[in-house]
Amino acid sequence: MSFLAAADLYTLISNSTYGALAIVALWGLYQIVIVWTRVAQKRFKTEEEQDTFMDDCEQMLRAGDFEGVEEYCEGDSRAIPQMMHMAIDNRAEGFRRARQIMMDRFQRDVMSDLEYRLSWVSTVIKSAPMIGLFGTVFGMMGAFKTLATAESVEPSALAGDIQVALVTTASGLAIAIPLMILIATVNIRIAKMEDLVGSGLTRFFEAFKAGLAIEASRPAAPAEAVAEPAYAETV
423 MSFLAAADLY TLISNSTYGA LAIVALWGLY QIVIVWTRVA QKRFKTEEEQ DTFMDDCEQM
483 LRAGDFEGVE EYCEGDSRAI PQMMHMAIDN RAEGFRRARQ IMMDRFQRDV MSDLEYRLSW
543 VSTVIKSAPM IGLFGTVFGM MGAFKTLATA ESVEPSALAG DIQVALVTTA SGLAIAIPLM
603 ILIATVNIRI AKMEDLVGSG LTRFFEAFKA GLAIEASRPA APAEAVAEPA YAETV
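Under the numbering used here, the first residue of the sequence shown is numbered 423, with each subsequent residue one higher.
Think of the hints as simulated: they come from the structure by calculation, not from any bench.
Predicted model only: the values in this text are computed from it and were never measured.
Using N, Cα and C, we set each Cβ at its ideal position, and we do this for glycine too.
One should not assume that every hint holds.
Claimed, not checked - Computed beta-carbon distance windows for the label pairs: (1) 606 - 452: 15 to 21 Å; (2) 516 - 441: 53 to 59 Å; (3) 603 - 441: 23 to 29 Å.
To be verified - Result set (DSSO-like, lysine-lysine): computed pairs, CA atoms no more than 30 Å apart in a straight line: (4) 467 - 614; (5) 548 - 614; (6) 467 - 567; (7) 631 - 614.
Model the full structure from these sequences, guided by the hints.
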């Protein structure tokens, strides 16, 4: 009876490894999909498309038309339009301060979120083979338990435990290897996004500084004269 209970325990733990592997695989794939989608939302599809956008914005910035740039960037979820809109909103703080606010917001809202999600994928890549190895250990323990307690061992009984041991290891590797390829692909897309954002911001900063100089050189609007009350002459 104790032999059957031990055998069932080893089988239960070994088979539960499949559920753990399925959970970590789905979690890693979910994080990859989220990162891929966010990068696609935040970058321009091509450098030519970004150059066309920057040409239009640069022309308005150098003319000091900040309101036109804000309207042009309104509703655009890509990184550069959002950062430009934020810098223009904070232009009263000065060039350096507006640039710092913009870069901090980009790092916090975009890059940090991507890094957090990619760290989860890295954790799954490291954990999946270890979970598979955990199932392997219990599968082999079940096989050795069968050898130690049974007078005549059925080959099919040993084959079942050994199969579980090998399949769990293979499953862990089958999860980790594709995720390693996917995370490398995502990192390349993130690097391309950073290159495009960097080149776009270089053009924006130059035009933004020129626009601020033009805005500062404009004469201040004259204050409205306070009308003095007119008194009727008394006869």
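Here is what the structure says about each hint:
no., hint, in the structure
1, 606 - 452: 15 to 21 Å, "holds, 18 Å"
2, 516 - 441: 53 to 59 Å, "holds, 57 Å"
3, 603 - 441: 23 to 29 Å, "holds, 25 Å"
4, 467 - 614, "holds, 10 Å"
5, 548 - 614, "holds, 26 Å"
6, 467 - 567, "violated, 59 Å"
7, 631 - 614, "holds, 26 Å"
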